[in-house]
Amino acid sequence: MHNSETLLFEGTAFKYGDNIDTDVIIPARYLNTSDPKELAAHCMEDIDREFAVRVRRGDIIVAGENFGCGSSREHAPIAIKASGISCVIAASFARIFYRNAVNIGLPILECPDASNGIGYGDTLFVDLSSGTIRNVSKKRDFFSHPLPPFMQEIIHAGGLVERTRLKMEEK
Amino acid sequence: MGMTMTEKILAAHAGISESTPGQLIEARCDMTLGNDITAPIAIREFTRIGVKTVWDAGRIALVPDHFTPNKDIPSAEQAKIVRDFAKAHDIVNYFEIGEMGIEHALLPEKGLVLPGDLVIGADSHTCTYGALGAFSTGVGSTDFACAMATGTCWFRVPETILVELKGSLPDCSCGKDVILKLIGDIGVDGARYKSLEFSGQGVSSLSMDGRFTIANMAIEAGAKNGIFGVDELTTAYIKESMESGLRKDEFTVYESDPDARYSRVITYDLGGIEPQVAFPHLPENTKGISEIAEIKIDQVVIGSCTNGRMEDLRTAAAVLKGKRVKRGVRLIVFPATQKIYLDALREGLIETFVESGAIVSTPTCGPCLGGHMGVLAAGEKAVATTNRNFVGRMGHKDSEVYLASPAVAAASALAGKIASPDSV
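So the protein lines, in turn, are chains A and B. The opening residue of the first sequence carries number 1 in our numbering; numbering runs sequentially from there. The opening residue of the second sequence carries number 172 in our numbering; numbering runs sequentially from there.
It is worth saying that the hints were derived from the structure and are not from the lab. Everything numeric in this text was worked out from a predicted model, so none of it was measured. Built from N, CA and C at the ideal position, the CB exists for glycine as well.
Label-pair restraints from in silico Cβ distances:
| id | chain 1 | residue 1 | chain 2 | residue 2 | range |
| --- | --- | --- | --- | --- | --- |
| 1 | A | 139 | B | 338 | 53 to 61 Å |
| 2 | B | 339 | A | 166 | 52 to 60 Å |
| 3 | A | 167 | B | 376 | 41 to 49 Å |
This is chain A alone, in the form it adopts within the complex:
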């Protein structure tokens, strides 16, 4: 389930460890295209062959520290978003992945407690506006800090391109 008006998400957790790099999110052998659907078909395949087959719209990736480290390829958040993932929760994010996710409007939440308290296959409910993460399966709630206002502005505009277009039009 994905309600873009209220920014509420419900889905199943795909759980991964620390330092999930962009080479495993989308291997370079598939970078000869930038088509989101083609990229989604190979998302995570070098560490989880089942991901692309099992992921359903609304599902949530939960990972450890430094998610998205390595290459700056925007193909990584694009592949995740196009695979139907509604939100990525991690103990921490690598900085280029973090800004790419914000820029393309892929919701992300930094929350070490949630990362520790969620397992593969748990059912999650996420309220992005308050930063609340509910592990429905384990009946536990986690709270992450909402994004800074500047980044919320980018997400509310629909991404950096939309925000830039608005600013250029104002000029």
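Model the placement of chain B on the given structure of chain A, informed by the hints.
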């Protein structure tokens, strides 16, 4: 309160007198960069912004270097998108094969990055130019698209870790060993969101090529940028690179204040740094060469934006001179730019490589990211002077990459196993 070089450069480009860690700013870019992988998405997003022209055709660099010479039809189509865009917008700094090089070796060589610059690039190794006293950082395609339209980009001002270097390196070690040692000590997220500032008396003993290698791999510690102060060596390099005439601006040299704030200070005696090898599958899995048991290898790759410069090729050639690569090992050498290739040819290094049993490739990022020109099969092991050894980085997910210096890579090619340069 004092500021670091990075804080000063960011403040100056944001039009403010002071910047502090954590602050979100919008800043003016001096140079922006994309390649054949990242620019096609940026061009698509640029079109969506709806502006007719780019902000400044002289401050956009487009370098098709990853899957070029085009490795397959989809890659050829992507390269064509970049070529057509460059033509339509009169992009001055578009470098077709024949005049190209691996972007992060090419831009400094062409004088496109100057001290005090703020540079963004849709490639994570854009942090390389910190060796020139510039703030430079990797971003995504959307950031590049918006910068092509506006000339600006958003940043969170980073905290800075000071890496103080003392003494000078032993004969067998180089810049690669310094940065691998640091990543091994602080981890792949040890400098996450932060700036790494390299300072101290030991810096003067490092060559420009060594400094480029160190700044290049700052990202492998999670850093936003790696940066060095400007000294006589930097000034001499800039004087030569500016002869290209592609940048005519005056540049500003920034220095960190004595009372600048650092989140952490790490000190190294360069004399104690032996050659390092990073084991699969993270650059932080480092070991000193003396601690390594026998590891047989199938392939050796010498080159890339990390270690494909003249000093790297000279070092490798000196190890290989008059010897033969171990039968069963494939040695691939790829100079980082056309100029480096030609200089290496004139100096006789290419002859040394070919005589030793190596192949020499045109400049390309291909092998480093498992794109083309040396992809690994399942179970194969490679020693590479590149920058990443993640799962599947150079090919099959069950292949292994060991990161090392050009000296260790060349010695390993001769020995057929990971080897110290003084053992062959």
